[in-house]
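Engineer: Based on the hints, put chain B in the right spot on chain A.
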Amino acid sequence: MARKILLALTLVFVCGLAIAPTVAQDEFIFGMVLVGPFNDRGWSQAHYEGGQYVEQNVPGAKMLYFEKLNPADAPETTLRDVVTNMVDKGAQLIFTASDEFEEDTAEVAKEFPDVIFINVSGDDAYAGTAPANVGNVMGTIEWGKLIAGCAAGLTTETGSIGYLGPLINFETRRLAASAYLGARYCYENYRGLDPDNLKFTVTWIGFWFNIPGVTLDPTEVTNSFFDSGADVVISGIDTTEGIVVAGQRAKQGEKVWSIPYDYVGACEEAPEICLGVPYFHWGPGYAQIVAAAKNGAYQQEWTLLNPDWTDINNPDTSGVGFVKGAGLSEANAASLDDFIAKAAAFAQDEANADTIFLWQGPLKYQDGTEIAAAGEALPYIAPLGEAPSIWYLDQLLEGMTGPSKQE
Amino acid sequence: MKSQTLTAQAALTALPIILSLAITALLVMAVGADPREVFTLVWEGAFRDLRAVGQVVNFWIPLTLCSIGLVVTFTAGLWNIGVEGQMILGAVFASWAALTLDLPAPILVPVEILLAMLGGALWALLVGVLKVRLGVHEIFGGVALNALANVIAIYLISGPWQPPEGGSVRATPPFPAPALLPPLSDTFKVSLLALVIVVVAVVGVWLALRGTRWGLQLKATGKNARSAMLLGVPTGRSALSAFIVCGMLAGIAGSYRVLFTYNSLRPGVSGGIGFLGLLVVLLVANRALWAPLVAFAFAAVLGGSARLKIALQLDASLAGVLQGFLVLTALLSNGLRARLAPPTPISMIEEPAPQPIPAEAAHEQ
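Residue numbers (the numbering used here), protein chains in the order written: chain A, 6 to 412; chain B, 1002 to 1366.
Worth double-checking, as some hints may not be accurate.
Away from chain B, derived, C-beta distances all over 10 Å, residues of chain A [claimed, not checked]:
hint, residue
1, 276
2, 303
3, 318
4, 346
Stretches of chain A that chain B covers, calculated by requiring three or more beta carbons in the stretch to come under 8 Å of a beta carbon on chain B [claimed, not checked]:
hint, segment
5, 87 to 98
6, 211 to 224
It should be emphasised that the hints constitute simulated quantities derived from the structure, not laboratory data. Every residue, glycine too, gets a C-beta built ideally from N, C-alpha and C.
Just chain A, with the same shape it has in the complex:
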């Protein structure tokens, strides 16, 4: 009997040994480098939860993350140090989740040619300047910003909308401009008002989130929007000051609304005055990239994560989405649904594959330069310097108030 037990135990032990390496081999470690806190209810949290989605949906996938990598919060650490630590811990793929990391990613990637790097929101892979092991990914959040703009245009009673901008670059200009186009369209087509009377002001704070003493304070900027007559503030920054301030002022009896950004749960800060939130679902796109890398099939790519027009809020299929907020009136919610249906119909028409709804001529830059004539569509992307495009939007659009470049 004892011999049988010993034999059984030995068998279990041997099986265990045989299985253990299989489990270890199946593991795929990936890194996630965040510029802000992992729980910022904005950009960084959306990525962090995207990483968690990968862990849940790609067998064996395990995330290592590093938050708040920026000179103010982590002066002793650089991207190189973080990557080195992650690679030491077995990371085979690393997402660098900010345009802040674009140049540093390209540099560090050269030192780790066997590791795949995915820089979020960059375009080196499109431009052909990225090292072979660096790809890019970005959600086509312009769609979400159009819808956000529409919600603002439908709701504003003062005819004045504030856009809380981060820093100024191609990405932030095209997102602010998308919101403007959505606002104009809905102000005119659902309310029958003259869109030229709609005031759309952009104030750039200087960075993706507040750095005391470095950026403008987004709380003060939001307050000054409301003080100067705007009643809807659309946020383009990573954090939630816009909606927090709007919530506070609404509690004091003011009729103001806000549209946060980035994170699906951002409305929770002040649901009653939230018109909705355009957000990223990084999870499904990240899962595809990680699964491909795990199988050795990842090819360098400039990847775009698009909305799933059958259901833009499907967490398993849609790369970007828009959740309507409780601040939106019933009538305006119906109008917004109609607008989303129009956008979906436009997007699903193959003739429009290379452009985005409402980005059709006539379109002019702030200085009057025409970028798309009447009847022409502005392409989503074209090589920088060759032709105007949405991606490389060089100025804000005519009709918007605010600087296109830092003076």
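Structural biologist: Just chain B, lined up with the frame of chain A:
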């Protein structure tokens, strides 16, 4: 009796380390982690291989330069809290050279460093003049000039030095290769030139404070400026010279951040290193040769704690907590030691705390 005193001294030396480690361990346990694992990870983070050591050294270089500069100002009885701003100005001056001068590396790099020294020294001199000539306390002057330096850097980054794709407060364009300090090797990414500068600075300050007339004048000014002045020591000039030396060293520290660590000028480039330098100097009780050692310990704990975040997802500010407790308990222990120690004609243990120069003494210069 003597052995009892020695035992007490040894206990008081070990006390801050043991106490701060114990408090940190308790905090770690409170958040449900294993302190042994935490300390192992920090150790691994700092020393597992040459790359990791390189990371520590890269933080240690500017920290030591600031600390050793602060030893000079502390000796003269000055709380040079403006060291952060002096770092930033050094970084700005070096960045100007890196972005505008088209020179070969062997000429450009020394020019950048000399300009950084000039920038830091000018900014420090401003604090000094405010103090010595106008009676503005160096802490207030320093804080104001830190803020101003920050504003200047941000203006340059988001304005005249913005990258071609558009302005932001992200960074200037990356500097060209000849403007950068070359690393020793691919695995040990540290600048040899900066290491040499640090060694020269530490030894130089130590020797100058020990064996020169200038050092003696600084000490006299720091211990009792009024008496020193009555004895013929030019206290105002001594104070200004201390500011200038500290500013030059902080300026080099700033240039290292932009010419090596980041390869561009970024907001917050000083990263609180100057303030950390103040803690180092408090901890070593102003002893020049101890400063690089304690700075290295600080750099190792901070650098190593990056691994904590990645491996245990514990906030790396735990390292800051450890440091804070270390400084507090060290100051506490120094106070106890001073009470317990038998009175001696000259204290062999530590320099006395800096005493500010009386404004009237300074004015009489």
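Engineer: Under the constraints set out in the numbered hints, which ones does this structure not fulfil?
Structural biologist: Violated hints: none; all satisfied.
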